[in-house]
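Turn these sequences into a full structure, and let the hints guide you.
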Amino acid sequence: MTGVTIDHLVATVAFIGAMLLFIGLFTQTLQTAILYQQNRHVSLKASDLLDNILLSPGYPYKWGETNATLSCFGLQKPGTSGYVLSSFALMRLTSLSGEPVEYPRDSGKWYNNISLGPSGYLFIPISDSINYETASRLLGVNGTYGFQLSIAPIVKVSISEYQSNPLILKVEVDGPGFPLSGAALSYYFYRSYKTGNYASIKIFTDTAQTDSAGVAYLNFAFDGASETYTIVVYARLSGLFGLGHYSHRTFTRGGGVMPFVVDYEAGKVYLAHSWDVHDQGSPVPAYAFNATFFILTEDFDFQEWPIANSTGILNYGVKNYELTTLPVGCPGFLLVTYRVSAIEYGISIMPWGIGTLAVSTLFGDNPYGNVWTATDLRQVTVDQLAYQAKITCWSLQGYQIWNPTG
Amino acid sequence: MLRTIEISMVILILAVAFIAATFFAVLPSPKQISSPNLRQLALTTLQVLDVDKSLTEAIFENPTDPAWTDLEIALSASLPPNIVYNLTVYDITKSSGDALTYRKFHSITNSESGLGTDSEASTYLVMSTNVTFAVTPQKISGTLYILNCSDANGWWITGYTSQSLAEDLYNLLSPYFNTTIMVQNTTDLGHILDGTEISSLPYENVTNAVIINTCGEAVPIPSAYADSYPRDSYAEYCYELGKRVNQYNWTWVSIVGYPFFYVSNTIKLASSDNSWGIYGMRMVTAGGLNSFLRGLDVENYPSYSYDGSWITGSPGVVYFSTEAYYYSNYYGIYPSPYQTATRALPSWIQGTYHTTVTASVFNPVSDRYAAATFKHTGTGAFTAIGLTRTPDIRITALSLLMYYHPIIYKSEFTLTAGERPTQRLIVLQLSQQGGS
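Residue numbers (the working numbering), protein chains in the order written: chain A, 1 to 406; chain B, 407 to 842.
FYI, nobody ran anything at the bench for these hints, they're computed from the structure. Accuracy of the hints is not assured; some may be wrong.
Derived pair list, reagent style EDC-like, types lysine to aspartate or glutamate, alpha-carbon separation capped at 20 Å [to be verified]:
hint : chain 1 : residue 1 : chain 2 : residue 2
1    : A       : Lys319    : A       : Glu265
2    : A       : Lys194    : A       : Glu172
3    : B       : Lys459    : A       : Asp263
4    : B       : Lys459    : A       : Glu298
5    : A       : Lys268    : A       : Asp128
6    : A       : Lys390    : B       : Glu463
7    : B       : Lys459    : A       : Asp299
Computed footprint of chain A on chain B; a stretch qualifies when at least three of its residues, placed anywhere within it, have a C-beta under 8 Å from a C-beta of chain A [what the hints assert, rightly or not]:
hint : stretch
8    : 477-485
9    : 542-554
Virtual Cβ for every residue (Gly too), placed ideally from N, Cα, C.
Given below as structure tokens:
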């Protein structure tokens, strides 16, 4: 009798233990499979979302060139097919990379800041920009998936000062995987000088070629430290196009003349005195400026385009800004050179359309804190330049979400 | 003891089941869960490299040409560092029986050990930049007459002359007709109206012809017809025109504005002006169009009578119809898909003058057709482009082609034996390295 009881007890304990063990094991296998399926679904969603964004021009058709309210989101350039993106649609996206700027100070008017490095500015009114929530809602993923979209040039053209006197500039041309050896370079050198009361620019163009390491040295017969200039270098190799720019100025006591796009649809731009953006203390300098717009032609050349109020003096308290107008829908860049004193000159550059100065765009939400994200990428062109569009996507639903607060 | 043995057997069975399930339910590696879409990446890489046709030019070069080295560098530079590639180019040639043969031409890769089984590939078909090909449109039966009268002025063709418009129309439409004749003066127009051929061309036929009036709102008038049909400021002449359209089964085309609003003959009407200072022209007013439509519907209006009422409307901006979008692509004619119409014909003329609207270029607005062909139930048709000035002659061409819709026969490459292949297929195979 005792033996039978022990037999029963041992059998029952062993059975329950085995059941618990195997339930755990099978559940783990099933959970891994479900997790795999859900992650796979996010991955497919990332690919679909990227194609939806890149292969549709959105609606209204040319929303990138207007202040129109969107009813359909897409970045494809109107009238084209394939992965060709609108330079202006990209410009209307609220950037995730730069801190918004208030102009004038304490006015409550905020501008989307797409950072371009020293002397490069692109400020678009936030009220005219398309934010992530709008895009997410129009793409039908609001509350279900989060995403971040990065549009960056494939070819990186980096320019740095290699030697000051005489000036030698070092140009490095790289792709994400390899340097571009033997790339043909064309460059436009804009040098500031004085004419009458205002600063003016002299334009010099030439060509060069990168060596086996993707590097080229550009020689100039003057002292770079005492000159104010901007150089735009355009690199090309077997269908790959890239562009870079670099500015140097002798005036370093303030921001100088800062262009602000105040009416996007009409192309109206304020050439603003920097004191309205950053108070850099007294004395407040006056800027005698000369603004020039260069339009990008179909054969990738920059041609001068006359604009209104291209010269003037910004004297804070007397004249805080000057209004000019850029041609809507015509990509190019605005170059403003200004004179502060006999030895102090400055220069500012603003792209009009993302592609003309190979500007990168980062749009969307921050993926930080999400347990699993999927990425996908495509090669695209913006204003003939080769770009890479990369999406990072994550799920906002399901048990696999790790909630940091709870 | 028996129970323990039984339970042990159950545990054994469960263990075997678990091992079996684990063995068969193999989950893919994390890399496969979320690898970039390599197929799309390959395709877009090829498209980017071919943005200025550099890729096309390179792959038609000899494999020793430096263009191939540049292509290798560009490929390596444009792809992420963890992606390896193999680009293979195939010649496409026609063998006997029109069968296509693919033969490997050249291949480049940056992977010595191969791409493995996880690779993805995209294909891209390119044509040599020196390829010529033929487009053979079906010919519309009937002669195309383009009024290019040197002794008539135009109106509402601001920025153009009727002669320049005639030339553009000739270039656009002559491939679709067996015979195209420029009517050089009003005398020749008079001959056509009399049913007489004006050239020695073998295929000229006055019957079933298409006549395009390039003078805009004015219509050339032969001197003899000015003498014979002068009533109501030559509205009677417009009635005669309508009758001839019906009689010879013509398609009469008005390119812009209010049709038949003026008549023009710089010799006969040298002392008249159109009320706006243009001599050689006389204002008929709205009665011209009504008279023409009555002439077209001659069975119901057997004799001339005058009606001076204004019948066109101004619907404003009008948009391409679905049919127009289709034919715009089909014939490769791309005017703006939205235009401003201020002289659009009303729908009711279908009932009044026994016509049927066909080939409407724009969607009707408020029952008005900005550009369409009104086909008479008997014979004859009237194509009216009621857009505002200045005229876009491509709308006229598109409207006529929509009405006749001639077939475009498939292009054939001019490839001859011994020539270098005109088509090559590029296969770009990508594989992701690293990860597990």
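Against the structure, the hints come out as follows:
Using a Cα cut-off of 20 Å, the hinted pair lysine 319 of chain A and glutamate 265 of chain A is violated, with the two alpha carbons roughly 25 Å apart. Of the pairs offered as hints, the one joining lysine 194 of chain A and glutamate 172 of chain A is violated, with about 31 Å between alpha carbons and a cut-off of 20 Å exceeded. For a cut-off of 20 Å, the pair hint linking lysine 459 of chain B to aspartate 263 of chain A is broken: about 38 Å separates their Cα positions. A hinted pair counts as satisfied when its Cα atoms are at most 20 Å apart, and lysine 459 of chain B with glutamate 298 of chain A qualifies at roughly 14 Å.
Proposed proximity of lysine 268 of chain A and aspartate 128 of chain A is supported: the alpha carbons are some 13 Å apart, at most 20 Å. For the proposed pair lysine 390 of chain A and glutamate 463 of chain B, the alpha carbon gap of about 29 Å is over 20 Å, so the pair is violated. Using a Cα cut-off of 20 Å, the hinted pair lysine 459 of chain B and aspartate 299 of chain A holds, with the two alpha carbons roughly 13 Å apart. Under the rule that three or more residues need a Cβ within less than 8 Å of chain A, the assignment of the stretch 477-485 of chain B holds, with 7 such residues.
With a cut-off of 8 Å between beta carbons, the stretch 542-554 of chain B has 0 residues touching chain A; three or more are needed, and the interface restraint is violated.
Comparing the model with each earlier hint shows violations of hints 1, 2, 3, 6 and 9; every other hint is respected.
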